[in-house]
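Chemist: Here is how the chains run, residue by residue.
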Amino acid sequence: MLKAQINPHFFFNTLNNIYSYTLSDGDVARRAITNLSKMMRYVLYDTQGGLTPLTKETAFISDYIELMRLRLSTKTKIDYDVPTQINVHMIAPMLFLPLIENAFKHGVSNITEGTITIKVFQSANSIVLTVTNPYYEVKRSNEDKSNGIGLLNTTKRLELLYPGKYTLITGPINKTLYEAKLTLIL
Amino acid sequence: MILNCIAIDDEPTAIDLLCRFIQQIPFLILGASLSNGIESLRYINENNVDVIFLDIQMPDLSGIELARILKGRNTINAPAIVFTTAFDQFALEGYKVDAVDYLLKPFGYQEFLRAANKALKWAELNVNSLSIKPNDKVVIYLKVNSQKVKIPC
Chain A
170 MLKAQINPHF
180 FFNTLNNIYS
190 YTLSDGDVAR
200 RAITNLSKMM
210 RYVLYDTQGG
220 LTPLTKETAF
230 ISDYIELMRL
240 RLSTKTKIDY
250 DVPTQINVHM
260 IAPMLFLPLI
270 ENAFKHGVSN
280 ITEGTITIKV
290 FQSANSIVLT
300 VTNPYYEVKR
310 SNEDKSNGIG
320 LLNTTKRLEL
330 LYPGKYTLIT
340 GPINKTLYEA
350 KLTLIL
Chain B
312 MILNCIAIDD
322 EPTAIDLLCR
332 FIQQIPFLIL
342 GASLSNGIES
352 LRYINENNVD
362 VIFLDIQMPD
372 LSGIELARIL
382 KGRNTINAPA
392 IVFTTAFDQF
402 ALEGYKVDAV
412 DYLLKPFGYQ
422 EFLRAANKAL
432 KWAELNVNSL
442 SIKPNDKVVI
452 YLKVNSQKVK
462 IPC
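Going down the list, the protein sequences come from chains A and B.
The opening position of the first sequence corresponds to residue 170 in my numbering, with each subsequent residue numbered one higher.
The opening position of the second sequence corresponds to residue 312 in my numbering, with each subsequent residue numbered one higher.
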């Protein structure tokens, strides 16, 4: 069965950061534990049914981004923009995360500065997610064999869940930016 | 014996934790904490480093690659490497680059202390093996199969 999951590396690295914050800043540690709990609850229970409210998916992404902020150096900025008034759209859960994870996997450098942009647009019958990240033409060492599996899995899920009613375009849009754009027709 | 060490991790919070643990160990002195492999290589070239606490999954240059570069140099007092990572599938790679220990995130002080002790033993062994050098001036002669054999002490 094709089910999206949280990357275990994200999970353990986040726990390591929380451990560190328990020694330095209890407030941050406590907030991080709540973020992580909400994410786990969503993955364990809310994604079992077929569809989920868009608000839950975006809240899940917010929690993820808040935890990623704790992990990143000041070199990477995150620009996250979700409409505050969200229609009561229902969507298949966990379709957004793989695209956002990819941006963090490939678009982060500790040497050069960069921004990861995540935007959600909605209309009466469609939802658009746009994710952009700095693009490095030279393939870097940590981009191992697992490369592309997340995206492949997402495409398979989209084919099953939104046949003929989605577009997913990924690739560099210029020399310095890579973009993933997912459109779902509801 | 006092060991000069450095902490390398792309995540600032993970570095904080490493530095905290290092400060709690009497025989470790923290030389620097670094957030990427490139800067780290420069630091290692210019300073005396005995132990490296090294994250594996980092952008720009991975910990495994950094370790390979250091191993490839074949210098006499290569620093001891302790990997710190959330990925246990890299353990085997770690052995190939002669890592002294492998800490799986999240790890506590006890585990860190164990790794630090291993690094200390490793460094002591290295020093001892360096100090045992054959001396040409002191030799013993043994008769082996009715032939005289000269053995330096």
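Treat the hints with care, since some could be wrong.
20 Å max Cα-Cα, derived SDA-like pairs, lysine to any residue [stated by the list, open to error]:
hint: 1; chain 1: A; residue 1: K344; chain 2: B; residue 2: P323
hint: 2; chain 1: A; residue 1: K225; chain 2: A; residue 2: M259
hint: 3; chain 1: A; residue 1: K274; chain 2: B; residue 2: D399
hint: 4; chain 1: A; residue 1: K244; chain 2: B; residue 2: D399
hint: 5; chain 1: A; residue 1: K246; chain 2: B; residue 2: D371
hint: 6; chain 1: A; residue 1: K344; chain 2: B; residue 2: D399
hint: 7; chain 1: A; residue 1: K334; chain 2: A; residue 2: Y304
Source of the hints: derived by calculation from the structure; they are not laboratory data.
Chemist: If a hint holds in the structure, say so; if it doesn't, say that too.
Modeler: Now the hints, each set against the structure:
1. The hinted pair formed by K344 of chain A and P323 of chain B fails the criterion: a straight-line CA distance of about 29 Å is larger than 20 Å.
2. Between K225 of chain A and M259 of chain A the alpha-carbon distance is near 10 Å, which keeps this suggested pair within the 20 Å criterion.
3. This hinted pair checks out: K274 of chain A and D399 of chain B have alpha carbons roughly 18 Å apart, not beyond 20 Å.
4. Restraint check: the Cα-Cα separation between K244 of chain A and D399 of chain B comes to about 28 Å, which exceeds 20 Å; the hinted pair is violated.
5. Among the hinted pairs, K246 of chain A with D371 of chain B is consistent with the structure: their alpha-carbon atoms are about 17 Å apart, no more than 20 Å.
6. Taken as a hint, the K344 of chain A and D399 of chain B pair is broken in the structure, with Cα atoms around 35 Å apart against an allowance of 20 Å.
7. Distance restraint check for K334 of chain A and Y304 of chain A: the Cα-Cα separation of roughly 28 Å exceeds the 20 Å cut-off, and the hinted pair is therefore not satisfied.
Hints 1, 4, 6 and 7, counting from the list given before, are not met by this structure.
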